[in-house]
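If you read the protein sequences in the order shown, they are chains D and B.
My numbering puts the first sequence at residues 1 to 298.
My numbering puts the second sequence at residues 299 to 693.
If you are wondering where the hints come from, they were derived from the structure by calculation, not from laboratory data.
Every residue, glycine too, gets a C-beta built ideally from N, C-alpha and C.
There could be a bad hint or two in this list.
Covered stretches of chain B (chain D as the covering partner; in silico rule of three or more C-beta atoms under 8 angstroms from a C-beta of chain D) [claimed, not checked]:
hint, region
1, 359-372
2, 382-395
3, 542-548
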Amino acid sequence: MTADTEVEAAIAQALGGEAPVGPHPYDHLLRSERLPTIWCPGCGIGTAVGALIYGFEQAAVPKEKRVIVGGIGCSSRIVFYAKTDAYHTTHGRTIPFATGVKLSNPSLNVVVFAGDGDLFAIGGNHFIHAARRNMDILVVCINNFNYGMTGGQGGPTTPAGAFSTTTPYGNPEFPFNLPNLASAAGATYVARWTTLDVRRLRTTFAEVLGRHGFRFVEVLAPCPVSFGKTNKIGSGVEEMEYYQGLEVLKSRVESQEIADTNIELGKPIVVGKFLDRERETFRDRYARVVAKARGPSS
Amino acid sequence: MTAAQNMILAPQWDRSRTGTQFLSGDHACAEGAVYAGCRFFAGYPITPATEIAEHLSERLPELGGQYIQMEDEIASMAAILGASVAGAKSMTATSGPGFSLMMENLGLGYVMEVPTVVVDVQRGGPSTGLPTSVGQQDMMQARFGPHGDFTSIAFSPQSPQEAFELTVHAFNVAERLRTPVLLMMDEVVGHMHERVIIPPAGEIPLVGRPKPKVSPEEYRPYRPGPDLVPPMALAGEGYAVLLTGLTHDETGQAVTTYEAQKALVPRLREKILRNREVYERVGLYKTEDATTLLVAYGITARSARRAVDLGRSKGLSLGLFRPISVWPFPAEKLRSLKNVTRIVVAELNLGQLVLEVRRIAGPYAEVLHVGNPGGDVLSPETILEACMSPPGARP
Numbered sequence: 001m002t003a004d005t006e007v008e009a010a011i012a013q014a015l016g017g018e019a020p021v022g023p024h025p026y027d028h029l030l031r032s033e034r035l036p037t038i039w040c041p042g043c044g045i046g047t048a049v050g051a052l053i054y055g056f057e058q059a060a061v062p063k064e065k066r067v068i069v070g071g072i073g074c075s076s077r078i079v080f081y082a083k084t085d086a087y088h089t090t091h092g093r094t095i096p097f098a099t100g101v102k103l104s105n106p107s108l109n110v111v112v113f114a115g116d117g118d119l120f121a122i123g124g125n126h127f128i129h130a131a132r133r134n135m136d137i138l139v140v141c142i143n144n145f146n147y148g149m150t151g152g153q154g155g156p157t158t159p160a161g162a163f164s165t166t167t168p169y170g171n172p173e174f175p176f177n178l179p180n181l182a183s184a185a186g187a188t189y190v191a192r193w194t195t196l197d198v199r200r201l202r203t204t205f206a207e208v209l210g211r212h213g214f215r216f217v218e219v220l221a222p223c224p225v226s227f228g229k230t231n232k233i234g235s236g237v238e239e240m241e242y243y244q245g246l247e248v249l250k251s252r253v254e255s256q257e258i259a260d261t262n263i264e265l266g267k268p269i270v271v272g273k274f275l276d277r278e279r280e281t282f283r284d285r286y287a288r289v290v291a292k293a294r295g296p297s298s
Numbered sequence: 299m300t301a302a303q304n305m306i307l308a309p310q311w312d313r314s315r316t317g318t319q320f321l322s323g324d325h326a327c328a329e330g331a332v333y334a335g336c337r338f339f340a341g342y343p344i345t346p347a348t349e350i351a352e353h354l355s356e357r358l359p360e361l362g363g364q365y366i367q368m369e370d371e372i373a374s375m376a377a378i379l380g381a382s383v384a385g386a387k388s389m390t391a392t393s394g395p396g397f398s399l400m401m402e403n404l405g406l407g408y409v410m411e412v413p414t415v416v417v418d419v420q421r422g423g424p425s426t427g428l429p430t431s432v433g434q435q436d437m438m439q440a441r442f443g444p445h446g447d448f449t450s451i452a453f454s455p456q457s458p459q460e461a462f463e464l465t466v467h468a469f470n471v472a473e474r475l476r477t478p479v480l481l482m483m484d485e486v487v488g489h490m491h492e493r494v495i496i497p498p499a500g501e502i503p504l505v506g507r508p509k510p511k512v513s514p515e516e517y518r519p520y521r522p523g524p525d526l527v528p529p530m531a532l533a534g535e536g537y538a539v540l541l542t543g544l545t546h547d548e549t550g551q552a553v554t555t556y557e558a559q560k561a562l563v564p565r566l567r568e569k570i571l572r573n574r575e576v577y578e579r580v581g582l583y584k585t586e587d588a589t590t591l592l593v594a595y596g597i598t599a600r601s602a603r604r605a606v607d608l609g610r611s612k613g614l615s616l617g618l619f620r621p622i623s624v625w626p627f628p629a630e631k632l633r634s635l636k637n638v639t640r641i642v643v644a645e646l647n648l649g650q651l652v653l654e655v656r657r658i659a660g661p662y663a664e665v666l667h668v669g670n671p672g673g674d675v676l677s678p679e680t681i682l683e684a685c686m687s688p689p690g691a692r693p
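Next up, chain B with everything else stripped away, as it sits in the complex (with noise of 0.2 angstroms):
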């Protein structure tokens, strides 16, 4: 046999995958999701997130965890949730139809309080949409999607780089406040390819969830830190945990009583809401003097970011406030933003994120969309166009 042939049939492949890459966005999402020691991944096919299962098919392996192909996206979601619970990091990977298949388990992790990830590359909808297209509509979603009441976290990387270093961020923020957490890519950030540069081991710090240090008598699943977050027992250790989906108490138990409902439901919420340093982002560009403030994220921050500087060669005073972690949105640091007294909302839908940037900044600022049903990016003279109309001119 040749050492071609051999190289073939047993790939020596660099394990640590470091320094300078050439990645598209789901690649790199896949290493961010290696780097940060996710070792399972349960997933289904579909465009256009397929790429984050393939390359996972191969990487885990290498690396001794376990990539599995479920039947469904229900299947699937429920998979990374019991991966969860008996201490892997987990994740999966999908799109529009398939991340409305994983709303009913999703809600199960919020209120388990499952650390998790779930990378959806959204395309065009609704239904079957443009699979091989570009869209931003899943954002509300990415918000409300399962039925009842809880917060969300959700990021959204506008480049491959960012692709990387937020599915990293992702794995420590869930691990961190025992929760799923949501990284909203697009189409074109998953399948465009740039430079992405991978840090030795180590040099980005790896966080762990919460672990009991008391005796298993004494642990109780539901019992929250001072921060509001339950220590979390792994399946196997030895304290016979109890997680339900049902309204519980500390221990676990199922009570479904107004009382108990009281107790865990803004709890929940509140876990997130108080610890938003352990995951807030924002990106801002030459926002300091902008009267005129463009909100975008993902891959229409590009677009409105080249729009900034066409409109500063203009004359006009332009920024660019970019919510990296796009839920919960990051008011305050909208607010603190004194000079502005118009905001262009730039996403690829009919109208998602405007409406919480109205419900924030309507009060002091005239609040504008800009957008499309999906099928293509905006371009950055589309973006600076609406930042230039008059006054009650677009909705």
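Chain D extracted, bound-state conformation (with noise of 0.2 angstroms):
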């Protein structure tokens, strides 16, 4: 039986009937071969690949523009799956990495897609650089508080007090707040959604897709393996649940309120469009560059 046949057995069995057959609409923009993921039952980035997938469509990028670039970690996985220019790096490293592929290429739309722990703990100092630069890049990370792909340790973003393999009596460290991380770095675009926001994140991309400058969106995701059971929240479903019931939106947060969008247990999550600016980018000011040193005549 091969894997294919096999998931959707399990699919029909689950369904008690017909596996839902025909092909996918996406198929043809995914290394559809390499299907199934390896993501857990319940896990959120799923449900982001599928998001940006449609951004890049609803943005009509040429599918031979759109360059995505993952770290290490399960969301930068999505470089197996999604059908464009890939580059799989070292962990942390994405940002740098797409830098010199945009800078190379300028006509590339490119991507990081990368978790938590792969952005903002190894990989913090190449963030904030970046958008210090204004960088054409779009920056997506996956949040699920925790490094899932080791077995479900605490890292950057786990909440204070969160559980984890490594916080076994609750996390004494406080997390960053990522939009408010972002913003103060000069990111000109920061958005924050769940992936219970599906039509929301989606929109988001086809909007972001389309811009110039370091674009950031954090996508709040369940990850109920390693993070949902040992914090008591469950399933994946249950952590939707979870978000559905704190999540508060707010289309745009002034600067003075954007760290009032930190992430605690149990408290209130606030989701929304944070930032949209305008700000020179690094290659519109090193295009001046070019000109005075080429002088002139020319």
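Bring the two chains, given one by one in their own frames, into a single complex with the hints.
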């Protein structure tokens, strides 16, 4: 039995009847021979991947111009499933790699898609510097509050007091507020959604993929196996219900309010498009360097 | 505005920079990169390599290229890989502390098979060590620095002229074999100024990376040609390229099995070892009748050459074997010198390349080492003294 037919049989059994057949509408945009994914039941990453592909389509980004750079972790596995030019780099180094890709061929639409540990622990320095430069890349952070692939260790976004395999007495550290960090460092577009907000997430990607500058989208995603269970939130569906109960939508957060977007266990979770501003990009400014270096005759 | 003021505000550089120049090794290296078609440099300031970054920050925008100063050497190494997969010939330059930080993504470059050039202008170490003084202590790091199995290619120039030529060669080799290539300079060669002759564009042939000859549907990013080098499609060419640092199959998909590892890792090594004619270079001086052979590279080869002349004036049959491509070590060329009974390896460390020479020549020759812990060059007299030492007197 092939992997595909096994999955179909499993779906059929779960539904108590026939498996749904027929092509998936995104089959041609996926490396479908690689499916099913490695992601756990109830995981939110697939939802974000689907939304990103939708965004590419809606923004009419030509297929050959789409580049995804992943690091190490569950989220970065997107490179093996999404059919674009795709680079699976070292842990935390997605952003400088993507910087090289973008500057080498500015016609490419470069997306960094990685997890909270990859982007904000080992890769934190690269994040703030790329935001400072206003580098032309979209950074998507799947924030599931823990290191899922290695089995649920605490990280830079684990809420204070939350349990993980390395915070068995509750997390003594405070987490980063990612939108606040991105905004302070110089990002031009900052949004946060949960994987419950599928429509808004899709709309956000469709909008942001057509923009320039350093853009940041945080996606809060259930990780039932590593985070939900440990913190008695429960299954993937129950983690979505947890979000549903706590989500507060703010369409735009003023700079003095952005600190209120902290994530604490059991407290309201503010989501929305927090920031959308114009700022000269690195490439805009470097074009002037090139003009100066070449002198008036050329 | 006077003409002089205008010159300062809008300098009209001679963009070709050919002909006879008076350049430091660092500047010659930077000009070699320009000559080779490098149009992307990412780096981080560090003595004694900073002048390469400074020079390229001025030169690359003139040529429509890209200079970027990154937040550290980790990012610099990642950026030059990214630039290369999207089509640019790319380079970074650093010294020991930065070279250590680059090991992570240098390993990624070997397994992803990304052509790029990394320059290490060596200073005394370990750690911060001697920022402004010479050393040749990163030679084993150049061979074994990143974790895992791979084979590196490294060159070591003895002069600014050679820094220029070997930088061009390093780009050609990197592109031809789809691999990172190291240029192991040293502080003295980096900072010394000498005459450098830059030939007209085109006189040194430039090599591009092998390109796919099949459709995107048939293309496999890691399917090697007969020379074990896989043709390389770029980002943006419609091939949906997939490259990863995980062990992978020909499609680029992660396959973390023993079988996949066996198919991949030995090929990375063989790709380098089977294509020696692409990169191997050796300098020979009075080796025809030599029974005692000096082996030296970089600035130390200049002292060793003088030691050969001093020794010959005393009646010793000395010769110099200079591995210009230090890794992989040109073993067969060393073995081909049949009269040699004693080899003295001179280098500015406590014994690095000597280990490789002893492995190769130990069965047939006495192999000695003369070195120092970095901080100064070796004088010809010191090297000659080692050559004349009685058997068994030196390690």
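These are the hints, each one checked on the structure:
With a threshold of 8 angstroms between beta carbons, the proposed coverage of the region 359-372 of chain B by chain D holds, since 9 of its residues qualify and at least three are required. Counting residues of the region 382-395 of chain B whose beta carbon lies closer than 8 angstroms to any beta carbon of chain D gives 6, which meets the minimum of three for the stated coverage. Under a criterion of three residues with beta carbons nearer than 8 angstroms to beta carbons of chain D, the stated coverage of the region 542-548 of chain B is upheld, 3 such residues being counted.
In summary, this structure violates none of the numbered hints.
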